[in-house]
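Sequence order for the protein chains is Y and S.
Sequential numbering of the first sequence, starting at 1, is according to our numbering.
Sequential numbering of the second sequence, starting at 1, is according to our numbering.
This list has only true hints and no planted wrong ones.
As the list makes no split between identical chains, a pair holds if one copy fits it or if it spans any two.
For lysine to aspartate or glutamate, the following DMTMM-like pairs were computed, each having C-alpha atoms within a straight-line distance of at most 20 Å:
(1) Lys135 - Glu171
(2) Lys195 - Glu252
(3) Lys195 - Glu211
(4) Lys195 - Glu212
(5) Lys305 - Asp262
(6) Lys195 - Asp215
(7) Lys195 - Asp274
(8) Lys195 - Glu249
(9) Lys314 - Asp274
(10) Lys261 - Glu237
(11) Lys99 - Glu7
(12) Lys266 - Glu211
(13) Lys116 - Glu7
None of these hints come from the bench; they were simulated from the model.
Number of protein chains: 2
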Amino acid sequence: MYIGFSEAEKFLRNCEDAVIITHRNPDGDCIGAGFGLQDILSQMGIRSKVVCSDEFPQRYAFMTDGSNQYGDFEPKTVIAVDIADTKLMGDYEQIYGDKVQLCIDHHISNKNYAEKTLLQGEATAACEIIYALAKFMGVEITKHCATCLYTGIATDSGCFKYDCTTPRAHEIAAEMMRNYDINFARINRYMFDVKSRGRLMLESRLSELMEENLDGRLVIVAVTQAMMSEMGVSMEELEGFAPMTIQLENTEVGILMRERKDGVFKCSFRSAYDVNVSEICQTIGGGGHAKAAGCTLEGSLEDAKKILVEAVRKALT
Amino acid sequence: MYIGFSEAEKFLRNCEDAVIITHRNPDGDCIGAGFGLQDILSQMGIRSKVVCSDEFPQRYAFMTDGSNQYGDFEPKTVIAVDIADTKLMGDYEQIYGDKVQLCIDHHISNKNYAEKTLLQGEATAACEIIYALAKFMGVEITKHCATCLYTGIATDSGCFKYDCTTPRAHEIAAEMMRNYDINFARINRYMFDVKSRGRLMLESRLSELMEENLDGRLVIVAVTQAMMSEMGVSMEELEGFAPMTIQLENTEVGILMRERKDGVFKCSFRSAYDVNVSEICQTIGGGGHAKAAGCTLEGSLEDAKKILVEAVRKALT
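When you get a sec, could you build the whole thing from the sequences and use the hints?
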């Protein structure tokens, strides 16, 4: 059932001992949303724990360190943030997949799996919704909370760059800078600009890795486990690499394929102009946003590429 | 003489036939400021022409096309935007260098060469000042004007990413999105994400071109005319390349050296953390902002590098 702020407030004020689930391969928005929400619940005297099927990458330590201060406990409430589909919960799917009471999300492809879903498809990020909800509820936001929520908004919008950026996202950023003195420049440096030597090495190979298809309208870049080992770069270090697939002016759709350790290809789509990649991904079991979406594909690299090219070809005709 | 908004308004309302000077190697802010100001003057029935010593790069056509609609005329008023020092006017220095009546700028290194200088060192961009001035004056802003001013604010802040981003910059962006429906995503794609094949080729060589000095605290990347020819990339296509010199976490100062056709090296400094590069540049004839500054050096590449390393070494001790 889709709900609004009033019901979300009623639910949150009356919950206790919550587990907040973030999605696998966690990014700035789900981590920011998870720990931001934890802070908000703390303000209301409610304890929670933020979990993830994968380890939280080191680069997000400024949000995760010192958080989850309640340790472990048996949860009474199950909340999911920034998760469109239970399969994105990884190992937590079998534990909580059919028990989620509240989902806060901004993906238009959300599967409505939770009892109550607070969905705002036009929001820049889950963090934008959570900030607005905190304001609606009149709950005090700490500097740490503001830091988390800013991070989610900034990362999901490519630093206020992409089409999904809302005027509200800018206004929230201004409020955070004025009222909470967040170190936004430091956050942004680590979220967008600092790269490991392994990542720089990979980027130096971008030109040769770009495979143009459909008269250059589609670019695919595939990074295998072997390549990651060779260059000493991990899956999470490739966060933010997908937009690099659409740097040529004529490219309309870019896809970054990353091979997971289990051999499955995690495919990240980016749309440069008007193609809706969430729709394309939904035809092959995935989803996301109009301009940024994803899916996973099993099988060989070549077979996976064929599926991708065909799915995009259909959308471009 | 430094002035405020009241005097700037009085000056602008009473000027006529203005030449608006932008700096050589024009960037998004000076072009946006120049053409944004032209629109504002037009609203007041005042004609103007925006000039530059260099050609306006094609990527800024969305601002320049259809502008300068008054053609050529003998100017009665001389205005400079985003120019800290008359030598940055290129060929226009000898014509107007000592005749500038109003300068609107945000560089703390401004040489106070104009009769009246509207300087706000804390503003994200000259465009932020001009937007605020237009609001102060109660002048109507057109969509084209908003597009120009948004571009300047976005480009100078690395898309609301860098330390120079103000809360006001975010608020202005929100207002522009709400009131003028600017195509910000399209602007940002062209300002930040679209790259030519020549530029991508250069980027693929970044790792090998990065010269680490002072225990990695300083990184220098030099691009010569020969390299530009070899890769088919022009000076202006290298706009935005300077931040790539500080991608390694430990790098505190990055310098991009670009050889101009006249053999002079245009050096762009970026500060990753707390080093004030405007101060460093001022010791060698340049200037700019605390986190982004520049200077020019003549002589051989090796001699120029020695000067740069020495200047930075002094600042780091």
